[in-house]
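The listed protein sequences correspond, in order, to chains S and G. So for the first sequence, this note's numbering puts the first residue at 555; every next one is plus one. So for the second sequence, this note's numbering puts the first residue at 36; every next one is plus one.
Think of the hints as simulated: they come from the structure by calculation, not from any bench. Take every hint as true, because none was put in to throw you off.
Quick list of in silico lysine-lysine cross-link-like pairs, DSS-like style, CA-CA up to 25 Å: (1) G:K261 to S:K892; (2) G:K238 to S:K1210; (3) G:K238 to G:K224; (4) S:K1248 to G:K205; (5) S:K597 to G:K147; (6) S:K794 to G:K127; (7) S:K734 to G:K275; (8) S:K588 to G:K87; (9) G:K147 to G:K87; (10) G:K364 to S:K765; (11) G:K127 to G:K117; (12) S:K796 to G:K261; (13) S:K590 to G:K147; (14) G:K111 to S:K1197; (15) S:K597 to G:K127; (16) G:K275 to S:K812; (17) S:K796 to G:K127; (18) G:K127 to S:K588; (19) S:K956 to G:K179; (20) G:K275 to S:K765; (21) G:K127 to S:K590; (22) G:K179 to G:K205; (23) G:K179 to S:K794; (24) G:K364 to S:K892; (25) G:K179 to G:K261; (26) G:K87 to G:K158.
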Amino acid sequence: MKFKLNLITLALLANTGFAVAADGYGVANANTEKVKLSAWSCKGCVVETGVSGTVGVGVGYNSEDDIRSANAFGTSNEVAGKLDADLAYIGENGYRASIEAYQLGMDGGRLDINAGKLGQYNVNVNYRQIATYDTNSALTPYSGMDGNNLTLPDNWVTAGSSSQMPLLMDNLNSLELSLKRERTGLGFEYQGESLWSTYVNYMREEKTGLKQASGSFFNQSMMLAEPVDYTTDTIEAGVKLKGERWFTALNYNGSIFKNEYNQLNYDSAFNPTFGAQTSGAMALDPDNQSHTVSLMGQYNQSTNVVSGRILAGQMSQDQALVTSGYGFQTPTEAVDAKVDLLGINLKLVSKVTNSLRLSGSYDYHDRDNNTQIEEWTQISINDVNGKVAYNTPYDNTSQRFKVAADYRITQGMKLDGGYDFKRDERDYQDRETTDENIVWARFRVNSFDMWDMWVKGSYGQRDGSEYQASEWTSSETNSLLRKYNLADRDRTQVEARITHTPLESLTIDVGARYALDDYTDTVIGLTESKDTSYDANVSYMITADLLATAFYNYQIIESEQAGSSNYSTPTWTGYIEDRVDVVGAGISYNNLLENKLRMGLDYTYSDSDSNTQVRQGITGDYGDYFAKVHNINLYAQYQATEKMALRFDYKVENYKDNDAANDIAVDGIWNVVGFGSNSHDYTAQMIMLSMSYKL
Amino acid sequence: MKNSLKMKNLLPALAISLAMSAVMSLCIVPSAHASKWDDKMTPEQVEATLDKKFAEGSYSPKGADSCLMCHKKSEKVMDLFKGVHGAIDSSKSPMAGLQCEACHGPMGLHNKGGNEPMITFGKQSTLSADKQNSVCMGCHQDDKRMSWNGGHHDNADVACASCHQVHVAKDPVLAKNTEMEVCTSCHTKQKADLNKRSSHPLKWAQMTCSDCHNPHGSMTDSDLNKPSINETCYACHAEKRGPKLWEHAPVTENCVTCHNPHGSVNDAMLKTRAPQLCQQCHASDGHASNAYLGNTGSGSNVGDNAFTGGRSCLNCHSQVHGSNHPSGKLLQR
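Work out the full structure: start from the sequences and follow the hints.
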């Protein structure tokens, strides 16, 4: 049968009997009056049972000494093994199981095991690891890094400046700053025959390692290795109910954080100053808990969809306070800190016609800190009796109101736009209320086969209640200062993108963005920030087996700020220019050697560079601050037999960074005992051989 | 169409270049041709016909067997039975309901030569993303997808089938090791960000975009998984949750005030380095107000003093995320 209805006839049909399809083709809308399901069969439907998939093992060799290369190579060991698996089991009566392992045994390894009966229940076991490496050559005179008591050598001789410490240079040991997370999870899901389902997921994360901190006495400071030994238990559970046009879910989310160490004790390397302290104690992150319950739902009435969520939660902490060396009475042994959270979201999306959709939403989020306000004596440098201060439990409330319209002018031309209003209220801060009004619009054309383009613009204006330096934050703040997160701000953003597909096999995509933040009422503080970027991407399928891709990104962020060293109008300005270039190219060749070999090469280069200038009469700069990295990944995979494949990977990372402010010796700053220069400059290589077997 | 075009070239690219699993190779489908009816009808005519057919509800006499009479020759069609959508022993599968026609719409007279349009998905379909997606959303209605309507990807006309496949054993887009490349094929700014001096470990797929964002939309700004920016951060950085005795106001309100979570040219994903970042908000009389010039060429150097060298302000105010020490007001202990 040929369809020769013209557009007018079709439009008439659509307007008379078939407007219902504006709601779409979901099964809930299906007209099933005429279906004779009793006559239906599925003799041709074949589900093969059994086990299928692949398993693989690999071994890698990494020759690099600089541990930073382990971020890219996924292992800090010279030799590392890995296990990959992608196995699926399909049984009778809907029983299914799967095992997915990705680089298990290496950093970033994952394991996900599922077993259950389709549409009824599923049991999940999972494991995941993340490791990040900063340096293995930080230098420190301290020992005790396996705990929380950092001590100097017994015979340590203090001095007024780091360069005069007689034992410093002879007692330096190198130290690794890296963090490792290991997550183990267990989940269970059950679906009722109709309407309802329930789930519970438990996860334990252990995070261990060392991170950088500083311990200070008056104006003297030592860089310290802070122990990280965290355990976080997370539980998620919920019940979901579902009908043809609605659903609702009640969820609980709990998180319990435990820190093995609640304080870090350290010797002072310097001569004692005020208070004659020779050792200090820093409070580490306290054990804490968070519990949230949320109820959400959605109703889908033909052309209107209403969704909502209400959530209530509490974050709390009552870790015993650190009193070592404090010397004053505390009003309580532990702060019974509690923050109540309340969130409400409501959203309506209405499809007015086939080409016009309207939406509106309201969001409310409140953080109410109910921690008791107490009087706390602060160890003071110029008054041995100490100064009294009161803690400031911050509350904040944010409200968002948004409306938007989405209008399809023709099949390939669309205009959408909207208005957002944001109100934020805070206490104990320099400004109680900030209001932001934003309008935005986007126009998109993809009516031609080979072109797709869009442009988006937005303009936002933020102002608010009277700005005054808060007595709670600092009574001495320059009254001309406007903190940038509270200040009046005009924000302009424009973005455009063009995708051109001149050939079926070739796609060229270019985009540009510009954003300007103008802090209109700021004399002291951040006055302006400009962010400009563009990018180009090409993908070319040269033959059915040969693909080449390339991309380039460029970004420049320029910020200006002003300060006053005489506590009045500006006497100095700061100018910061951040530049980033990222270039990449890749080529891959498939089906070589009678379809047995495939090869590929990927290359990326990124250059992050920041330049800071400060001018007060004369101009100074902050020297080199860059990171340049080249990455090459080459691989070849050979299908040795029908079942077995061999793979060879060769990876190179050439990395170089610098930070002039830290390119200094341990005693480079008279009142700081540092970690020494931790810039990196290496060319690391890794070879990996792996084998996979298809079941 | 943009996204489907990009995905079209991207997926084979991923399949070849990453080649991590046999599954990915399923993406390399022989270049499909447009449907038969597209030669004779405009997209508007196709849509109007589908609307009419859907309303009339002329389903096939024998269900899937009616369809397979012609389509069983296609490997791609039969691959449906390797995945969950083709499960024949699950009450939740489309095979337990209207079978093929649950997604592709009532057969009508399509079996008479295949000229009459059916609902089709993916890159070759001329049907609007919205109409394609209405099929998927008809069943996939739950708390993880409740914000799809009017959400970021919905507004950008991204079809479910731009990313997902159902005629496969396992949907390749769900692979964590290739997820970042799928997302950054459109989100190019984030692709640059994750290559900067500091970023979350996304570049080597230790983390993925969906650790923080829900691609199907959420009720939080930027489609975050948790109810607020900070609660999203606390999901992994629970130690910063506190509440601590001495709070740093912007820390309690919005981590993004100081950090760019996608990456930065500065260490620790800071928007600006210290002391400039701190001096954008702190100008009390004394050392916070002073100009720190760095290298002036006349004796002063950026690395020779504790205000600009080492950790700058953090040399003393180390506890910038808050302190739980009784004497921690200045975030030093």
